[in-house]
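Student: So you can see what is in the structure, the chains are spelled out below.
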Amino acid sequence: MTVYTLRKLIHTGIVLIIVSFLVFIAVRLLPGDPVLIYLNETENATPEKIAQLRTEFGLDKPIPIQYLNWVINAMQGDFGKSIYYDISAISLIAEALPVTIYLCLSALLISAVAGILAGLICAIRRGTYLDNVLTVLANLGVTIPKFWLGFLLIYLFGYQLGWLPIHGYTHPWDDFWMSVKQMIMPALSLCCFAISSTTRITRSSILEVVQQDYIRTAWAKGLAERTIVFRHVLRNGLITIVTLLGVNVRFLLGQCVVIEIVFNMPGLGRLLVESIFRQDYIALQGASLVVGLFIVLSNFIVDISYGWIDPRIRQE
Amino acid sequence: MTTLLKVNNLKTHFFTHTGVVKAVDGVSFHIDESEIVAVVGESGCGKSVSQLSIMQLVSTPPGKIVDGTVEFEGRDILRLDPKGKEMRGIRGGKISMIFQEPMTSLNPLLTIHRQLTEAMEVHLDLDRSQIHDRAIELLDMVGISDTDKRIHDYPHQFSGGMRQRIMIAMALSCNPRIIIADEPTTALDVTTQAQLLELMSDLVSKFKASLIIVTHNLGIVARYARRIYVMYAGRVIESGTAKEIFGSPKHPYTRGLLNCVPRLDTKDETRLVPIAGSIPNLVNMKPNCAFYSRCQHRVEECKREYWPVLRHITGLHHVSCHAC
Numbered sequence: 000m001t002v003y004t005l006r007k008l009i010h011t012g013i014v015l016i017i018v019s020f021l022v023f024i025a026v027r028l029l030p031g032d033p034v035l036i037y038l039n040e041t042e043n044a045t046p047e048k049i050a051q052l053r054t055e056f057g058l059d060k061p062i063p064i065q066y067l068n069w070v071i072n073a074m075q076g077d078f079g080k081s082i083y084y085d086i087s088a089i090s091l092i093a094e095a096l097p098v099t100i101y102l103c104l105s106a107l108l109i110s111a112v113a114g115i116l117a118g119l120i121c122a123i124r125r126g127t128y129l130d131n132v133l134t135v136l137a138n139l140g141v142t143i144p145k146f147w148l149g150f151l152l153i154y155l156f157g158y159q160l161g162w163l164p165i166h167g168y169t170h171p172w173d174d175f176w177m178s179v180k181q182m183i184m185p186a187l188s189l190c191c192f193a194i195s196s197t198t199r200i201t202r203s204s205i206l207e208v209v210q211q212d213y214i215r216t217a218w219a220k221g222l223a224e225r226t227i228v229f230r231h232v233l234r235n236g237l238i239t240i241v242t243l244l245g246v247n248v249r250f251l252l253g254q255c256v257v258i259e260i261v262f263n264m265p266g267l268g269r270l271l272v273e274s275i276f277r278q279d280y281i282a283l284q285g286a287s288l289v290v291g292l293f294i295v296l297s298n299f300i301v302d303i304s305y306g307w308i309d310p311r312i313r314q315e
Numbered sequence: 000m001t002t003l004l005k006v007n008n009l010k011t012h013f014f015t016h017t018g019v020v021k022a023v024d025g026v027s028f029h030i031d032e033s034e035i036v037a038v039v040g041e042s043g044c045g046k047s048v049s050q051l052s053i054m055q056l057v058s059t060p061p062g063k064i065v066d067g068t069v070e071f072e073g074r075d076i077l078r079l080d081p082k083g084k085e086m087r088g089i090r091g092g093k094i095s096m097i098f099q100e101p102m103t104s105l106n107p108l109l110t111i112h113r114q115l116t117e118a119m120e121v122h123l124d125l126d127r128s129q130i131h132d133r134a135i136e137l138l139d140m141v142g143i144s145d146t147d148k149r150i151h152d153y154p155h156q157f158s159g160g161m162r163q164r165i166m167i168a169m170a171l172s173c174n175p176r177i178i179i180a181d182e183p184t185t186a187l188d189v190t191t192q193a194q195l196l197e198l199m200s201d202l203v204s205k206f207k208a209s210l211i212i213v214t215h216n217l218g219i220v221a222r223y224a225r226r227i228y229v230m231y232a233g234r235v236i237e238s239g240t241a242k243e244i245f246g247s248p249k250h251p252y253t254r255g256l257l258n259c260v261p262r263l264d265t266k267d268e269t270r271l272v273p274i275a276g277s278i279p280n281l282v283n284m285k286p287n288c289a290f291y292s293r294c295q296h297r298v299e300e301c302k303r304e305y306w307p308v309l310r311h312i313t314g315l316h317h318v319s320c321h322a323c
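Quick note, the sequences are listed as chains A and B, same order. According to numbering that gives the first Met the number 0, the residues represented by the first sequence are 0 to 315, in order. According to numbering that gives the first Met the number 0, the residues represented by the second sequence are 0 to 323, in order.
Think of the hints as simulated: they come from the structure by calculation, not from any bench. Please note that the accuracy of each hint is not assured.
Stated by the list, open to error - For the chain B half of the interface with chain A, some residues (derived, Cβ under 7 Å), not all of them:
(1) Arg-78
(2) Leu-79
(3) Arg-87
(4) Gly-92
(5) Met-96
(6) Thr-146
(7) Arg-149
(8) Tyr-305
Built from N, CA and C at the ideal position, the CB exists for glycine as well.
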């Protein structure tokens with residue numbers, strides 16, 4: 000397991016380098032000149048001023064040098080100074096990150112628990128009324144657009160019923176109940192797809208496991224259904240489920256951009272979008288790198304889980 | 000000898016899109032204490048399904064036990080709830096099974112220790128360390144070396160023959176009265192087959208258990224079984240002691256089967272004769288003799304009449320045939 004973990008760690012490192020490179024390149028490929036936009040705001044764009052700013056931002060150096068400078072500084076926790084806000088990008092990210100983590104983690108947790116449970120019930124009670132209802136709901140959930148569901152929830156629970164605040168974000172350590180109430184609708188609209196896909200994948204993966212010979216062996220031993228389901232079936236279905244959870248992390252991080260804007264939450268997604276509009280390339284590449292970091296991290300955790308679940312992978 | 004298990008008129012049907020498959024259609028057999036009985040037949044003749052039905056392990060749907068009784072310890076165990084406590088007590092505890100595929104019959108994610116001890120935890124009144132000791136002892140008995148270490152290994156670290164030995168240890172672990180071995184050696188190479196069969200028959204007599212071997216290998220049957228049931232298309236078509244069946248086979252199908260087996264005790268270079276035709280499609284079968292189309296001894300009656308019931312000949316020998 001140690002060898003396996005080490006190998007995966009090296010893989011992760013390599014991927015991270017590639018990610019940082021791609022982020023840097025993608026941001027540089029964006030049209031527009033950040034210096035001009037910056038000067039437009041302060042309204043004194045003389046050629047001398049432009050040249051001076053270029054030197055200040057390090058934009059006069061060749062691209063590979065710029066990249067290296069950025070990576071070396073980023074590793075020390077310095078992402079540069081945001082062009083728009085004139086404060087360090089890292090503090091912008093640090094402010095936005097908890098919001099996104101809170102949102103995505105809630106959505107991931109809800110989708111994992113509800114999806115796995117629903118999928119398990121569907122598979123074990125296959126062909127029953129309950130299975131049919133849940134399967135139809137799951138199919139529906141996959142097809143509903145997230146932002147539309149968000150607006151629908153806002154209209155129903157926020158506007159018509161007035162049960163929940165329609166937008167905003169509060170840190171749980173400031174006002175716990177308020178933060179939970181504000182999180183319900185965004186988390187639900189965000190995880191709708193993930194719940195549905197988890198249900199569907201869990202159902203089909205469990206149905207496949209149930210037909211395996213070793214499950215018949217377990218029945219032939221006289222074990223109780225509960226033991227068979229949790230010890231034999233679920234564990235074997237877990238590989239597929241864990242893979243899906245990894246996919247869900249990527250998906251949630253991508254979708255939270257939309258949700259944060261619909262519900263007006265000051266998260267990483269909103270920071271990304273706003274940075275693009277403001278041509279704030281410093282904040283943009285910093286925030287993109289952080290998102291990339293989380294995705295690479297989730298992949299690493301998924302890989303480690305494979306080893307933990309399956310001895311054949313562990314001892315490869 | 001007292002009868003341990005008695006199957007009466009068992010019918011297990013599969014309800015598929017194309018029609019009803021009568022995989023087991025009115026099968027009766029019994030097994031006595033400390034007896035080895037063989038159930039013989041081609042693939043798809045219902046021999047495995049009949050055994051799974053005893054344990055109520057036929058997957059429902061599409062399968063369903065539609066009729067029949069299985070008398071065991073004074074009651075009909077087909078009346079028990081398949082997932083209920085009493086049926087679970089019988090499975091693995093009183094009647095255990097060894098399956099055909101050793102490569103896929105063990106859970107790949109659990110250690111041998113886990114899989115060997117879980118049945119004992121359910122059925123035996125022993126504490127953790129006693130169960131562990133018994134597990135080691137069982138593995139020693141089935142010929143696995145270095146058991147202290149290997150018991151914590153996973154199935155993929157063992158060969159097919161070794162895994163089947165582990166399956167045997169599992170089947171014996173709770174001192175069952177009956178072991179049902181469903182083609183236990185079919186997936187293994189010939190030398191391993193012989194070793195395992197020898198081991199099984201030794202251990203079965205040591206544990207004073209009865210053994211039902213399901214197989215299509217007549218060589219196994221001749222060597223180990225006391226009595227034989229020959230199945231064809233979901234029914235028993237001939238039964239009797241091994242001597243009766245091998246000495247004077249009556250049913251054309253049984254004779255056909257024996258003609259396909261190479262023998263060392265015939266002098267001439269006699270050719271092996273395969274049975275003409277192939278096994279019938281079991282979907283929506285006609286009620287007359289299923290062997291009719293392949294039979295060389297068929298008479299007019301065979302087409303007109305219902306499939307005949309087993310008729311007594313001599314001793315324990317019974318046959319289901321109009322023509323003989």
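Student: If a hint holds in the structure, say so; if it does not, say that too.
Tutor: Hints, verified against the model:
no.	hint	verdict
1	Arg-78	violated (17 Å)
2	Leu-79	violated (12 Å)
3	Arg-87	holds (4 Å)
4	Gly-92	holds (6 Å)
5	Met-96	holds (4 Å)
6	Thr-146	violated (19 Å)
7	Arg-149	violated (14 Å)
8	Tyr-305	violated (34 Å)
When held up to the earlier numbered hints, the structure conflicts with 1, 2, 6, 7, 8 and fits the remainder.
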